[in-house]
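J.: Listed below are the residues making up each chain.
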Amino acid sequence: MQDPLIIAGRHFQSRLFLGTGKFPSTAALASAIESSGTEMVTVALRRVDLSAEEDILDAIDPERVLLLTNTSGAVDAGEAIRLARLARAAGLPEWIKLEVTPDPRYLLPDPVETLRAAEVLCGEGFTVLPYVNADPVLCKRLQEVGCATVMPLGSWIGSNQGLRTKAALEIIVEQSLVPVVVDAGIGAPSQAAEAMELGADAVLVNTAIGTAGDPAAMALAFRLAVEAGRAGLRAGLAGVGREAAASSPLTGFLA
Amino acid sequence: MTPVSIELESRPTGLAPGTAAADLAATDLAGLRRLVDSAGDVAVERALAGGRGGPRPLADFAALLSPAAAGRLEEMARRAHETTVRRFGRTIHLFAPLYLSNECVSTCDYCGFSAGNQIARRTLSPDEVLAEALELRSRGLRHLLLVAGEHARIVSKDYLVECVQVLAPHVPSIAVEVQVWDTETYRRLVGAGCDGLVVYQETYDRGTYARVHRKGKKRNYDWRLGAPDRGAAAGMRRLGIGALLGLHHDWRLEALGLAAHAQALVRRWWRCEVSLSLPRLRPAAGGFEPADPVGDADFVQLLCALRLLLPDVGISLSTRESPALRDALVRLGVTQMSAGSHTEPGGYAEPSEADPQFEISDTRSPAEVAGVLRAAGYDPVWKDWERT
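As given, the protein sequences belong to chains A and B, one line each in that order.
Its first residue numbered 1, the first sequence is counted upward by one per residue in my numbering.
Its first residue numbered 1, the second sequence is counted upward by one per residue in my numbering.
Everything labelled a hint here was simulated from the structure, so no lab data went into it.
Since we're looking at a predicted model, the values are computed, not measured.
Backbone N, C-alpha and C fix where the C-beta goes; we use that ideal spot for every residue, glycine too.
Watch out, some of these pointers could steer you wrong.
[Claimed, not checked] The calculated label-pair distances, taken between Cβ atoms and stated as ranges, are:
{"hint": "1", "chain 1": "A", "residue 1": "R82", "chain 2": "B", "residue 2": "D312", "range": "35 to 45 Å"}
{"hint": "2", "chain 1": "A", "residue 1": "G252", "chain 2": "B", "residue 2": "D312", "range": "45 to 55 Å"}
{"hint": "3", "chain 1": "A", "residue 1": "G252", "chain 2": "B", "residue 2": "R87", "range": "45 to 55 Å"}
{"hint": "4", "chain 1": "A", "residue 1": "E94", "chain 2": "B", "residue 2": "H170", "range": "52 to 62 Å"}
{"hint": "5", "chain 1": "B", "residue 1": "W385", "chain 2": "A", "residue 2": "R82", "range": "39 to 49 Å"}
{"hint": "6", "chain 1": "B", "residue 1": "A16", "chain 2": "A", "residue 2": "R10", "range": "45 to 55 Å"}
{"hint": "7", "chain 1": "B", "residue 1": "D41", "chain 2": "A", "residue 2": "G252", "range": "18 to 28 Å"}
{"hint": "8", "chain 1": "B", "residue 1": "D41", "chain 2": "A", "residue 2": "A217", "range": "41 to 51 Å"}
{"hint": "9", "chain 1": "A", "residue 1": "I6", "chain 2": "B", "residue 2": "D312", "range": "47 to 57 Å"}
{"hint": "10", "chain 1": "B", "residue 1": "D312", "chain 2": "A", "residue 2": "A27", "range": "27 to 37 Å"}
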């Protein structure tokens with residue numbers, strides 16, 4: 001049964017995206033990418049060295065996996081915009097994960113700079129996937145300026161705390177007219193399944209896989225969890241039951 | 001006679017993508033209607049258990065319209081009541097319709113203003129409109145709905161804009177329920193001080209729509225369906241939609257169309273407040289009789305189902321319904337009521353010779369209605385907007 005995810009007109013069979021930081025080696029990354037079945041990975045442009053003999057990009061087969069350059073490290077809109085333009089000039093795909101994180105401790109995204117950068121980059125023809133806090137109104141604003149998705153965090157980058165923003169994520173899922181990718185803080189396969197069950201279109205996972213004892217095995221576990229969560233949603237998850245109780249006759253007047 | 005401009009005569013058919021109208025057209029209403037018939041206790045139970053607190057899917061709504069759900073009406077009512085109180089509090093917003101004109105060039109079987117009807121026609125001057133508004137203000141009303149028949153020359157864009165301009169300094173919230181216009185005209189109305197647009201599709205069934213709208217620009221179903229989208233794009237803050245229950249023989253199909261339209265508007269126009277209305281056909285000049293009038297129990301079931309489907313959408317109740325029913329419905333999901341209404345132009349400041357659009361059933365004054373609301377433990381809200 002076909003259930004493709006469509007972002008900016010491009011079809012994805014896999015709803016698991018991978019971040020590429022924190023892996024112990026390029027080989028480990030390549031192996032994890034393989035077992036995850038992912039079709040899109042993010043790479044921080046600041047990590048890319050096209051002049052080096054060996055580079056993180058070697059782990060990525062561009063025929064099978066779309067490279068999503070991210071602007072991590074940018075502290076304001078200007079830096080993020082320049083990074084995106086650098087990626088374009090270097091011949092990388094014009095898909096940008098917009099990440100503007102002036103706070104190096106929690107790596108929380110700056111909403112004002114992110115929106116500003118998104119507006120400029122969308123105007124310049126980039127396919128923009130913005131990383132933001134789980135702010136429903138901000139997500140609507142980003143969609144309005146032309147972002148291809150919204151990427152609200154589940155919890156802080158690297159915290160593995162799961163969906164601490166779940167209530168807000170539910171609103172974002174309900175209101176969004178573009179795909180919703182839960183990104184950051186997903187620490188276990190069950191949390192990835194949970195994100196899919198609440199209606200997210202995809203998840204992006206980095207730390208939980210990159211820092212696992214066996215990244216490739218963990219990548220496979222996440223792959224199964226994302227598929228399971230999505231399948232459960234489509235099969236029609238039962239709602240939480242509520243007690244029934246008859247009390248004051250609101251409709252007695254009809255008798 | 002000034003010729004009506006050609007641009008108004010030939011409106012495009014078809015629906016613009018990215019609009020609630022297009023979303024509605026892509027909805028499988030027939031399939032949902034079949035779900036209503038096939039829904040048993042399991043489907044109803046699932047629908048009542050509901051989701052995470054947000055809007056529910058249309059499939060659940062279909063189950064709540066079923067005969068199986070009718071057997072659980074009290075429970076539906078309780079949930080609808082709780083949902084409404086949680087979202088809106090124990091408040092009812094009061095408003096009054098202000099009829100500007102009963103001139104009309106369209107022929108619609110069900111309406112007292114229909115072009116063929118021999119009725120006393122009248123159009124208020126902007127000064128007379130102001131006098132009406134000030135009279136309503138003295139009765140407490142701060143939220144007015146300007147209504148008019150469809151006559152592009154007499155009830156022109158310029159006339160409507162002027163009426164809004166004249167009223168704006170005195171009336172905190174103004175909505176219009178008039179012939180449908182293009183986005184630019186809606187922008188002018190918004191600029192003049194209008195914050196709400198009400199457009200009833202009347203019936204979502206295209207066959208019935210074609211049958212009851214015999215002549216006039218109102219025959220263009222698509223253009224009418226797209227009006228709330230154009231209003232929202234123009235900056236209207238409130239969108240009101242509705243269906244005339246009894247026009248189409250199958251009220252459940254009508255309900256599905258209305259619900260899907262409301263849901264699509266909420267989804268497409270996130271800054272807007274959407275409300276809906278379910279007027280049941282009343283005796284009017286022209287003598288139109290609904291083939292299958294909607295009974296009270298079905299009406300209540302529909303109201304509760306809508307409230308459960310759309311927890312954030314306003315539900316408006318007019319004076320077409322009897323006092324007893326209106327009072328009972330206050331606790332079942334209604335959030336806005338008109339009061340002390342006159343549906344003939346000029347009926348407030350002094351008795352008017354013009355003929356009304358339909359017979360009112362609840363003739364109580366705004367003060368009386370407010371008293372009943374308070375006695376029921378509800379707060380009548382007269383003003384809820386400030387123009388900036």
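J.: Hint by hint, which ones does the structure fall short of?
T.: 2, 3, 6, 9 and 10
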